[in-house]
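Residue strings, one per chain:
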Amino acid sequence: MKADPKGVLTGAIFLDGDHACAEGAIAAGCRFVAGYPITPSTEVVERIADRFPLIGGMFIQMEDEIASSIAIQGAVWGGKKAMTVTSGPGFSLMMEHIGLAAMTEVPCVFVDVQRGGPSTGLPTLPGQGDMMQARWGSHGDYGIIALCPNSPQECFDFTIKAFNLSEQYRVPVLLMMDECVGHMTERVIIPPADQIELYPRRYYDGPKEEFLLFKPDKDMVPPIVKAGDGYNIHVTGLTHDEKGYPAMTVPAQEKLVRRLIDKIKLNADKIVEYKEEQVEGADVVVVTYGITSRVAIPAIEQARAEGMKVGHLRLIVAWPFPEKRIKELASKVKAFVVPEINYGQMVLEVERHVAGKARVELVGHGGGAVHNPKDIYNVIKNSVKG
Amino acid sequence: MAEDLIDVNESMPTNTVEEYLRMDRMPHIWCPGCGIGTTVNCFAHALEQSNLDLQKVAIVSGIGCTGRVAGYINLDSFHTTHGRAIPFATGLKLANPELKVVVYSGDGDLTAIGGNHFIHAARRNVDMTVILINNFIYGMTGGQVAPTTPLTATASTTPHGNFEDSFNLPYLAESCGAVYVARWTAYHVRHTTKAIKEALAKKGFSFVEILAPCPTLFSRRNKLGDGLDQMKYFKEQSEIKNDIDTKTASLSFQGKITVGKFVDRERPTYLDAMNEYYGKKFGDKYTPYNG
Ligand SMILES: Cc1ncc(C[n+]2csc(CCOP(=O)(O)OP(=O)(O)O)c2C)c(N)n1
Ligand code: SF4
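Heads up: the protein sequence lines correspond to chains R and U, in order. This note's numbering puts the first sequence at residues 101 to 486. This note's numbering puts the second sequence at residues 18 to 308.
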């Protein structure tokens with residue numbers, strides 16, 4: 101399915117990452133946004149609020165992030181593509197509803213423009229400290245998808261990708277931006293609408309009497325209907341059966357929660373995405389994501405210029421994590437170097453899959469700024485020595 | 018005890034409500050003597066008497082004993098999270114304005130954890146009907162104090178009695194902008210049905226508070242007898258006063274209960290206000306939003 105040309109600002113324009121995210125949402129067909137202002141994400145909703153009235157969208161500034169994160173789910177059941185946008189403290193407030201969206205399989209997008217934390221932390225400055233929260237923040241077990249753009253162009257592209265993945269897997273998708281990509285301005289190419297591919301909502305089209313709201317297709321994802329379609333659906337955050345009725349038993353829990361995890365886990369090969377550069381034959385692989393993937397480049401280049409064999413693996417999709425690839429590389433390289441603007445989150449995942457077969461070095465940073473590439477370079481250099 | 022109350026339902030045909038219920042989910046979880054079921058009966062009758070296209074009616078609940086209502090109603094029904102039925106309903110309604118959206122939940126759900134959403138939805142005049150079951154207590158979690166627990170009443174978290182003032186909900190709803198405000202009790206089944214019917218027919222944020230017995234946790238702990246005794250209290254102490262100043266409608270422990278229709282007025286809904294405003298602002302460039 102192609103994008104609706106309405107509202108697509110085809111051409112090359114200068115945008116910051118927040119505005120590019122808003123344009124991506126519009127191109128993806130999102131017509132319902134609920135949000136609550138918080139730095140450094142506010143510009144996303146400001147642009148949406150400016151643009152929506154003339155393209156038939158509904159923007160509402162809710163009373164808080166808790167309300168925003170469930171209003172979008174009401175909107176999805178009402179038939180819209182919907183998104184909410186926040187940063188650190190607001191992301192924490194949304195956790196219960198990320199769980200609700202996972203449990204009731206609501207396709208929707210949550211954008212978190214990460215800033216320095218914990219708590220109010222550094223409102224105007226970057227951080228990457230919400231990565232584990234993105235994976236595990238809501239209580240209970242569930243599968244999730246999280247993407248990490250590193251430029252305004254990717255904020256545009258990955259917002260569309262986030263909507264597509266959410267529709268394909270009936271799962272909330274998290275766009276994990278950071279203050280740097282949110283506030284940097286670069287040229288963004290917006291393609292013509294007929295070159296923007298959208299994944300259509302998986303509306304049920306079988307016989308009405310056979311419809312079950314949570315009966316999965318072969319890929320473990322159930323088709324959906326909307327309120328008002330005449331199915332008298334029941335949706336609950338309680339553990340439920342395929343009909344959607346509460347079923348509070350151990351077997352029902354096992355069946356449902358397994359599937360919520362497996363529909364992401366067993367489809368991971370299709371979802372996982374990363375970019376590699378000079379990884380073959382490398383002694384050291386630098387694993388990065390978000391803004392850090394750009395900050396690491398001078399460090400990697402300097403090391404290469406000095407003859408070190410350094411590869412670069414950048415996570416596009418952080419969750420699900422590219423475990424297979426890391427496992428493969430673990431027996432081929434001496435070390436992995438993981439710079440991130442936190443004191444060790446995604447590095448734990450790298451360590452888990454490397455499982456002692458190579459060294460794993462964190463280049464941590466407390467937040468408020470990006471790394472000094474020198475710090476990354478020094479760790480690369482020490483790692484090559486072995 | 019209060020045998021004279023048994024005929025309360027007599028004029029109500031009881032079999033017709035089944036089509037409004039998910040009979041495949043019976044028996045329900047509510048205790049014997051609980052007032053929630055009585056209010057559901059009223060709601061079903063109100064639906065029956067309304068001219069609504071039921072395919073376009075959706076019901077949203079939060080969490081609690083009352084929160085289970087959505088699960089028993091044979092409409093598109095959503096059992097959401099504790100306190101958040103109203104913002105969910107806001108999203109649903111604004112996404113598809115064709116739907117009639119009803120929120121059905123408990124006093125704790127809607128006015129403690131969900132209080133902020135309640136006041137803002139009323140302020141915005143989002144077109145929805147909110148039915149609040151006030152049993153003076155948190156039922157589902159075992160009888161803790163609620164923002165509606167009357168002064169001096171005992172709850173599991175006020176074992177020595179409650180010293181916090183409680184909400185006067187009609188006053189709260191009116192002050193925040195609700196266009197329809199009524200209070201009845203589970204004893205007043207005909208009035209309640211009529212009030213729900215009126216609320217459903219109203220455009221904008223309509224609010225019906227229904228006092229209901231929670232024999233298991235409120236009445237017994239407070240030595241007020243069972244559900245029937247609580248109904249007797251509702252019958253004897255209620256005074257119907259329509260159109261009064263809602264300021265005077267506060268409740269006290271086993272004191273007089275003011276019931277009636279207090280507010281019935283017009284205000285532009287959120288959507289109407291938006292469409293009108295943008296229509297003026299943007300002229301022909303603006304297409305009124307209609308979902
Ligand atoms: C975030 C959250 N906090 C607490 C709870 C536990 N909880 C469930 S129902 C409830 C109170 C219900 O009371 P009320 O809304 O008055 O409804 P009733 O059960 O009396 O009908 C609470 C505190 C919860 N489910 N979620
Ligand atoms: S605990 Fe109280 S409110 Fe809950 S079902 Fe029992 S009587 Fe009703």
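No lab work stands behind these hints: they were computed from the structure. Each residue gets a CB set at the ideal place from its N, CA and C atoms; glycine is no exception. Any given hint could turn out to be false.
[Unchecked claim] No more than 30 angstroms apart at the CA atoms, straight line, and that leaves these computed lysine-lysine pairs for DSSO-like: (1) U:LYS252 / R:LYS326; (2) R:LYS432 / R:LYS457; (3) R:LYS481 / R:LYS432; (4) R:LYS326 / U:LYS220; (5) R:LYS106 / U:LYS298; (6) R:LYS375 / R:LYS343; (7) R:LYS375 / R:LYS326; (8) R:LYS481 / R:LYS434; (9) R:LYS106 / U:LYS297; (10) U:LYS264 / U:LYS252; (11) R:LYS375 / R:LYS315; (12) R:LYS355 / R:LYS375; (13) U:LYS302 / R:LYS102; (14) R:LYS375 / R:LYS308; (15) R:LYS432 / R:LYS375; (16) R:LYS370 / R:LYS424; (17) R:LYS434 / R:LYS424; (18) R:LYS481 / R:LYS370; (19) R:LYS474 / R:LYS409; (20) R:LYS434 / R:LYS457; (21) R:LYS485 / R:LYS427; (22) R:LYS102 / R:LYS432; (23) U:LYS73 / R:LYS106; (24) R:LYS365 / R:LYS427; (25) U:LYS73 / R:LYS315; (26) U:LYS302 / R:LYS106; (27) R:LYS409 / R:LYS481; (28) U:LYS73 / R:LYS326; (29) R:LYS355 / R:LYS315; (30) U:LYS258 / U:LYS211; (31) U:LYS220 / U:LYS258; (32) R:LYS308 / U:LYS258; (33) R:LYS343 / U:LYS73.
[Unchecked claim] A few chain U residues that don't get close to chain R, going by computed Cβ distances all over 10 angstroms: (34) LYS73; (35) ARG101; (36) THR107; (37) GLY108; (38) GLU115; (39) HIS137; (40) THR169.
Regarding the assertion that GLU115 (chain U) does not contact chain R, is the least Cβ-Cβ distance greater than 10 angstroms? Violated: least Cβ distance 6 angstroms, not greater than 10 angstroms.
Just checking, GLY108 (chain U) versus chain R, shortest CB gap more than 10 angstroms? Given that some Cβ of chain R is not farther than 10 angstroms from that of GLY108 (chain U), nearest at about 3 angstroms, it is violated.
Satisfaction of hint between LYS343 (chain R) and LYS375 (chain R), Cα-Cα up to 30 angstroms: Cα-Cα ~41 angstroms, so violated.
Beyond 10 angstroms from every Cβ of chain R: is that where the Cβ of THR169 (chain U) lies? Per Cβ check, THR169 (chain U) is outside 10 angstroms of chain R; nearest 33 angstroms; holds.
Between LYS252 (chain U) and LYS326 (chain R), does the CA-CA distance stay at or below 30 angstroms? 42 angstroms, violated
No chain R beta carbon within 10 angstroms of LYS73 (chain U)'s: 5 angstroms, violated
Restraint check for LYS264 (chain U) with LYS252 (chain U), where alpha carbons must lie at most 30 angstroms apart: 22 angstroms, holds
Check the hint pairing LYS73 (chain U) with LYS106 (chain R) against an upper bound of 30 angstroms on the C-alpha distance. Between LYS73 (chain U) and LYS106 (chain R) the Cα gap is close to 28 angstroms, so the pair holds against 30 angstroms.
Classify the label on THR107 (chain U) as holds or violated, using whether its beta-carbon is more than 10 angstroms from each beta-carbon of chain R. With a cut-off of 10 angstroms, THR107 (chain U) comes too close to chain R, as the shortest Cβ separation is near 5 angstroms.
Mind checking the alpha carbons of LYS308 (chain R) and LYS258 (chain U) for me, to see if they're no more than 30 angstroms apart? 49 angstroms, violated
Verify this label for me: ARG101 (chain U) is non-interface relative to chain R, using a Cβ-Cβ cutoff of 10 angstroms. Given that some Cβ of chain R is not farther than 10 angstroms from that of ARG101 (chain U), nearest at about 5 angstroms, it is violated.
Need the status of pair LYS302 (chain U), LYS106 (chain R): alpha-carbon distance at most 30 angstroms? 13 angstroms, holds
Of the numbered hints listed earlier, those contradicted by the structure are 1, 6, 7, 11, 12, 14, 18, 22, 32, 34, 35, 36, 37, 38, 39.
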